[in-house]
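Keeping the supplied structure of chain A fixed, place chain B upon it in accordance with the hints.
Sequence order for the protein chains is A and B. Number 341 in the numbering used here belongs to position 341 of the first sequence; there are no gaps in the numbering. Number 267 in the numbering used here belongs to position 267 of the second sequence; there are no gaps in the numbering.
Hints listed in this document are in silico derivations from the structure and should not be mistaken for laboratory results. Among the hints, erroneous ones may be present.
Claimed, not checked - Straight-line distance between alpha carbons at most 20 Å, and here's what the computed DMTMM-like set of lysine to aspartate or glutamate pairs gives: (1) B:K49 <-> B:D91; (2) B:K275 <-> A:E346; (3) B:K49 <-> A:D331.
Chain residues, written in single-letter form:
There are 2 protein chains.
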Amino acid sequence: MKRPPKAPSITVSDVARQAKVSKATAARVLGGYGRVSKTVRAAVLEAAKALDYRPNELARSMTTGRSGSIGVVVGDIENPFFSLAVRGISDVARLSGINVILANSGEQVEAEKNAIRVLMAKQVDGLIVTPAQSGEIAHLVEIACSACPLALLDRALPDLDVDTVTVDDRDAALRATRILTRAGHTRIAYMTAAVLSGDFRGGESRINTSTVRERILGFLDACQEAGIERAERNIRFGSGRSETSRAAMHGLLQSPDRPTAILASDSVVALELFKTIRECGLHIPQDMSLITFHDADWTSVTTPPITVIDQPVYALGKSVAELLIRRLKGDDRPPERIILPTTIIERMSVAQVPDVITQATA
Amino acid sequence: MKRPPKAPSITVSDVARQAKVSKATAARVLGGYGRVSKTVRAAVLEAAKALDYRPNELARSMTTGRSGSIGVVVGDIENPFFSLAVRGISDVARLSGINVILANSGEQVEAEKNAIRVLMAKQVDGLIVTPAQSGEIAHLVEIACSACPLALLDRALPDLDVDTVTVDDRDAALRATRILTRAGHTRIAYMTAAVLSGDFRGGESRINTSTVRERILGFLDACQEAGIERAERNIRFGSGRSETSRAAMHGLLQSPDRPTAILASDSVVALELFKTIRECGLHIPQDMSLITFHDADWTSVTTPPITVIDQPVYALGKSVAELLIRRLKGDDRPPERIILPTTIIERMSVAQVPDVITQATA
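Bound-form chain A, shown alone (with noise of 0.2 Å):
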């Protein structure tokens, strides 16, 4: 796995003699540009390989390792709320001149401290992060500690007073739950890929991801106020995109008492669901209302479209980045945790509770 140790400098003279031709027919070569002959083109290069040949440019920045960059770790970079979150992160950071590197930890935090691991390796000057778990942050701290600023993106930690943005999220799955209550519904499940050993009894305090635990708490709220009791029995935790996964969800929509409404906590979650509602042959919104949050690209031309909680994902992006350009500048105010607005876009995929009777009993 090792590079052999950096040769003296070897520059195109040196390639241009050991393949016997011109300096201009070599540089030609190793620049990308002009006419050689195939026969030429591979000596230089058989030659630019055997002695390790390295460009300028990149010996340079080689040498100093400092470009200018910052270390981005999101939870799953295949889920879009990551990936436009970075770009609202690397937009930032062009306009600074400042490179990003991406990781992921597929949620997973040791895979998280892997990855910072590596990051930090490579000399970035900063760290972005969305934490995997609140429970599990002493690599976190380490950062926190270091001359390393440390940024967290969409999942604050209560015991890491650093730079931090995320989205109202207790308030928005209260909003988005309240849209569902005054519809008439009182079986209402709450759908997350979070996985949480054994059932939810009151234990929000296990709940280890910030975001995760927020909204549950703001579905709780919601369900309380409209005297719904017990809803926490119907928060499903690990409703990811695996095959156990999928055989839950049909269970509990093929159940007797199966809910008539239900909250997904992001849009992966949600287009699973909307599949599986579907193969068990029941409609949205007659036989299921359902709203998700994220305002992912598929929610508006599904048949019906999805209400949604339209998060500012690229705002988030953005605004973290800022306040950690801010801190390489110098910076050194107290941290700041930015808290963005949600809303929510209201589709045709919740239906009022007389709809659903009317269906059940037609």
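Frame of chain A; chain B shown alone:
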């Protein structure tokens, strides 16, 4: 932007002394375990920060700088095609204990050069790139000439003989277009986000991305086979996510000689098209048949579901990572060019032309 020069190794004892607490207490705070009072915690963190304390593990990896990592430069991380390919790469890398760090070119060759420069400066052990252009590849030739292994994902470069994994783009486009011609369509548009200045007039050599070129050639093959003349008139470049692209789509769909069928080069283009077709009051497939490259998640949940060219995207990522890792382990056999086969998933988005005529005269 620079960090202060590295201080001689600061230990937990140094931090404890500065914070005036026991070493055990400092270790608890810095390690993020056990219980300490808020005041003590604050004092320890402040001392650690003042001394620029870095835990051993970090210090170690920052000294060696090598941790078995590969850099991946993709065209557009927001395109689900690339995020899925990255999962294939990451899964293979993880099995070999190799870390993946990502950068996004946004399909801009300058950004790609920059990303590669950064990753090389960060001393990645190997690189995987989806080249934004085949016309400007000096920076890739540089890498190929260096000791850092390079592999290409999804896009081949005729002039750069390195490990490459692509799909059978030309054949896939041919087969998809055939579905349209055999349904009787003669006005078929091909839409791609790729940019080409001016109209396409048989100038395929001016197309700088191999996938774009191959697919267009396949499209033209099928048109020619069906006796469709001047099919190249209906190739539309620049059909991305922008406002101007939207306006152009509207123009095309509202023109009197609008196409009756469209082949979209990726799912991002296809989703924009799907929305625009609806906005124009047209129906799929009655008024417009649609086939797209990439079996994106949304294509199966729309009404109607969309016929797609299913590329083995995960396998594409997996294969290219396997080739690269083989090089990292010292394999020096000649470069491989692997072409993976695609399949077409026929759904409900293609109509026979008689239907179109009936609809138009109804």
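Tested hints:
Between B:K49 and B:D91 the alpha-carbon distance is near 36 Å, which puts this suggested pair outside the 20 Å criterion. At roughly 18 Å between alpha-carbon atoms, B:K275 and A:E346 fall within 20 Å of each other, so this suggested pair holds. With a CA separation close to 15 Å, the supplied pair B:K49 and A:D331 stays within the 20 Å bound.
Consistency note: the structure conflicts with earlier hint 1 alone.
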